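These protein sequence lines map, in sequence, to chains A and B. Under the working numbering, the first sequence has 663 at position 663, and the numbering climbs by one with no breaks. Under the working numbering, the second sequence has 151 at position 151, and the numbering climbs by one with no breaks.
I should point out that these hints are in silico values taken from the structure, not numbers from a laboratory. Note that the coordinates shown come from a computational prediction; the quantities given were computed from them, not determined experimentally. Warning: the hint list may mix true and false statements.
Because identical chains share one entry, a pair is satisfied inside a single copy or across any pair of copies.
To be verified - Here are the simulated lysine-lysine pairs, DSBU-like style, with alpha carbons at most 35 Å apart:
no., residue 1, residue 2
1, K101, K225
2, K328, K101
3, K657, K545
4, K657, K581
Protein chains: 2
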Amino acid sequence: MKTLHPRRFAFCLFLFFGVLMHAPTMCAQEGSPLPVMPLPAHTVQGEGQFLIDGSFSVGLEGYTDSRLMSGKRRFLDILSRETGIPLPDEAQANQASFMIKTAGASDPVQDLGENESYHLEISATRVQLTAPNPLGVLHGFETFLQLVRTTPQGFSVPAVTIDDEPRFPWRGLMIDVGRHFMPVSVIERNLDGMEAVKLNVFHWHLSDDQGFRVESKRFPLLQEKGSGGLYYTQKQIGEVIQYARDRGIRVVPEFDMPCHTTSWLVGYPHLGSGAGPTQIESRWGIFDAAIDPTQEGTYQFLNQFIGEMTELFPDAYFHIGGDECDGKEWDANPRIKEFMRAHGLQNDAALQSYFTGRVQKLVAGHHKIMEGWDEVLQPDTPRDVVIQSWRGQTGLAGAARQGNRVLLSAGYYIDLNQSAAQHYLVDPLGGDSGSLTPEEKARVLGGEATMWSEFTTPENIDSRIWPRTAAIAERLWSPQEVVDVSSMYRRLAIVSLKLEYYGLEHRSSARLMLRRLSGESDPQFLNVLAAVVQPPEGYARGQLKEYRNFTPLNRLVDAVPPESEAARKFNDLAKLIVAGKASPQQWQEARNWLLLWRDNDARLQPLLEGSDLTAELIPVSHTLAQVASIGLQALDDLQNHRVVNTAAVQRNMELLKIAEKPEAVLLDMIAPSAELLVQASGTH
Amino acid sequence: MKTLHPRRFAFCLFLFFGVLMHAPTMCAQEGSPLPVMPLPAHTVQGEGQFLIDGSFSVGLEGYTDSRLMSGKRRFLDILSRETGIPLPDEAQANQASFMIKTAGASDPVQDLGENESYHLEISATRVQLTAPNPLGVLHGFETFLQLVRTTPQGFSVPAVTIDDEPRFPWRGLMIDVGRHFMPVSVIERNLDGMEAVKLNVFHWHLSDDQGFRVESKRFPLLQEKGSGGLYYTQKQIGEVIQYARDRGIRVVPEFDMPCHTTSWLVGYPHLGSGAGPTQIESRWGIFDAAIDPTQEGTYQFLNQFIGEMTELFPDAYFHIGGDECDGKEWDANPRIKEFMRAHGLQNDAALQSYFTGRVQKLVAGHHKIMEGWDEVLQPDTPRDVVIQSWRGQTGLAGAARQGNRVLLSAGYYIDLNQSAAQHYLVDPLGGDSGSLTPEEKARVLGGEATMWSEFTTPENIDSRIWPRTAAIAERLWSPQEVVDVSSMYRRLAIVSLKLEYYGLEHRSSARLMLRRLSGESDPQFLNVLAAVVQPPEGYARGQLKEYRNFTPLNRLVDAVPPESEAARKFNDLAKLIVAGKASPQQWQEARNWLLLWRDNDARLQPLLEGSDLTAELIPVSHTLAQVASIGLQALDDLQNHRVVNTAAVQRNMELLKIAEKPEAVLLDMIAPSAELLVQASGTH
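Whenever a hint applies, use it, and build me the whole structure from the sequences.
Have a look at this one:
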């Protein structure tokens, strides 16, 4: 018999509550709304279900092309991953159980406002998908894949008739590859995710102070000196564009100028307004480096550069950035000041406006439509320029009134660790835009989620984008009146699972990251803590400590999702309890959770010192135990109708307020729920 | 406040015992052997540790080439994934903390028996890796990566001096892509895994009755009619060969002939011995289709084909299969019978021998050395032909005595669901080979794990290969006296975790598969069952029901690993208890496990009917509960020194024997341990 090592045999009895609360299921559920996201425009549920087995096959009728063929192949691949059923692509068109009828081609380069509608009819015996062009077919495929569920009879989709089309024609995701470079594989799997939720614009933020990420053959020092070796070749760019087109997604490149341009100036310092930088920026923030708008050489360079890039990127739109100029280099350069005086440019904004006006003409000269952030808008900006609003809905509405077409990104900054609900309830036609005339409203093209990448790496980017971006995708696709947050979260949980079949790592990455930072193969107690903390909203992190481009992002804050699902659900429970609407079972459930959190600290503490990456979590774990203890006491008081005096309530509230402050750049998300319980215990 | 759905709020208090028993850790452990696999030939542990932080850099001295550069880049990438520390490749050679000194080049085409040794010296301040050629450097990188662990001071490797070289020069993994095609991405990630454990031959089983998987430009009907569209282009083959070479791995192609050739004959029926097949085989098994060895046209075809393939595959060895001829088509063909009579070929084996002899000359004519399975060996087989033994060590020893070089695969059939320990204890120089003379022993080149793919798909292949193949890799690399099974399992668990950093899916695939087959997002109770069942050993599965090439492999048997880790550990516990060596804590641990398994059934049963894929598990779950109940009773009896009468013991043993029979193609792996307990309860 083999010798065992008893000291390694520590057996741990662990009350595991896990994620069972509200656990989403892909089993058929009677009476629930369809688990589709974005919700279709019109749905009529039918009788029965269509079973998926090895005889499933797809036939194409009418117009066909290579994109439809490859779309069909990918559809079968994902369906095969969803079911584990091999689906070789061998169907005879006339024998297929899933028939597709496409009326005609879509534009050679996908255009803004192309018809994306589709009609999907599922009966117990057959599926019919019809669309005016391949874009609708691709969307119909995704709706079908989301409908697939497990039943006692096998995998199936419910009988249903869906007529669907988007509310807005521009539904985008921006990824910043300037600050942290993202390899092609990361871009491609996120394009798969975009297709799954019917987003149709990939906005590629390709240059910033920290990196210039595209090969220029005309100006090779851009990538050679401006990227640290991390850039896309033109061949790769072409492949990504084709990959996106196959998925019904336009690719809009952004080259941010005249500021956010340190990386340009390392190779081409003569373009700059000050003493040229000698290396790309390694810090985060707003920097002074700015292109010199007063030199004719600048425009000659840009004309050639834009010429090369507009040839590389076929989309009709070309984004020139234009945000966040601090003007310091301009102010410090007497020659530039003199130019401003001579041309009656009263301030830096006017100088930028002059620059933008000239660049717009260069862009137009290459037959593209310019797009830029809020700052590019001036009274004389041509009407075809598209304004992307990052500063708020007021700016958006103003631009639309002025006659420009607009996109909303304020409210969709997914790097800021806001909840899916917060993003979901921001409407491009809400706020100030609600008062626009119908004509002005028609200028609101849609919106874009923006994935700025200061604190995002190829490893954790998926968990920053997904699943929350699916809520934004629903806002931009579904009818305006679709605003039920509970329904959104229920469907979001299912879509989040489905996205794993597309190869996205938003759920799996945390497992490896938590293992790595703890050194434990199965860090169960750390998981308990990780499930109820989240990074603070907004820009707080960068203010707590200096981060640079190569600072390791391998802490707990980098591993946990931006929104704690467990804390959100516990908060729902606390609200029920406080409202006197909780069942005995729910009271018990709340108690069990609080016990788990209170007792986790004693189990976790001895392990935290084993790794320098978890040592910072010692107070975080301790805080969770304290919060849970206070919450438990309040729960007891409430349950026993005990009168709690004001001083005690106040003392606990003060403790909880302290617990709400970030530690190790993490918020304890149970504290607000404990506050609800404590406050209620003092008032009933 | 949002409305909650109380009926979905079922809270489940779940005693989770999980995998904490023996949970491997990547934290530093004093006194343990180094967690390296294969164990190095010579190790001297030093004092202190070398810390890995953002300043870590690697410099190359002496000979250098593109393979060393890309190897260094991959090393930094994996190290970065292990630590979460960005490691840009910017070191100046003379400032690097990790210095590599390579004496010279390795052969342009990696050759059998090339020097693979390396010397790795790690102190608290620097790392020195020296090797005669790049192969040793690659191996040294992998040893270093396995040494990385988490400590309170950060990520580090212990100070150590290692002198290492392999015991056998041929350490292979065969993958059968004939029965289930495996995309290039699957092959490549498994090449990464091979590199991690220092395997150096990828044997690519490229054709079989069910598919011909390589593009032939000379004979395009091979892939066009023989693959169902699933084959590698020559460009892809070239890429895989380069990918393997970069990792110090040779690629040996196998084209199985004269039998296992249905897929050849669909396109080229004139090569066949009977009426040509009209389609590739969709069933598993041994089929009659055989190349006609009596036609000169056969050899003209093969000469051209082998010429094309030997140009495509640069390795010096060329595998022609040669296994499992049933001879039925030969016997049924009067013309072939007449040929045999005319040439004095007394039986089918003699005819095959005639064929093999001619093919060997063709192979030699193209300057390659032939390799084949046992069956190709005849008294007059040229001495340079390499025999791969799948039938046993007796055949291996016989071939070595006859003067041929040999490889062992019998005992390394990883498709047969044997334990890592079983494979581990098979030694190429064990059994009959132990009695070979030193000269004969020198002909034993090593061995190969064989991944036949009847029941393996791209989705689950990683879990069939890993981590068990690491145990075989250790057998083939490490000194013969390294045979401690407990040590092997401890290190195997750590290597299994590390392999995830290489992108292997052996641990993650089950999660998605269990979710899919249950329809639950977090199938916790199914996980409990899944952790203690495993597929039966050997060829039992194919005898239980007819499977074909497109039969879905999406059941529990396809998701669980071939070896239950929980059951193995419980068995260790049961042995301790029976031997009277268990601590009170271990008694309690055993009880907790049995309670978990006993009580799981009531929780799991209601869920199993929700999916047609889990319905078959109803009796499996029930059996586990029964086994655990019997085990619990025996545990009680043992603990209380209660005398159990023989009849009761016998009745329980009979019940447990029934429980040992497969249900839903799954074995209950707790039953053997329960038998230990029951038997002990009747004897003390």
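### Query
How would you classify K657 and K581 at a CA-CA limit of 35 Å: within, between, both, or neither?
within (26 Å within a copy, 53 Å between copies)
### Task
Pop the pair K657 and K545 into one bin, within, between, both or neither, using alpha-carbon distances up to 35 Å.
within (22 Å within a copy, 64 Å between copies)
### Same-copy or cross-copy closeness of K101 to K225 [CA-CA at most 35 Å]
between (51 Å within a copy, 30 Å between copies)
### Message
For K328 and K101, with the copy left unspecified, which applies at a CA distance of at most 35 Å: within, between, both, or neither?
### Response
neither (59 Å within a copy, 50 Å between copies)
Figure legend: structure checked against the earlier numbered hints; the only hint not met is number 2.
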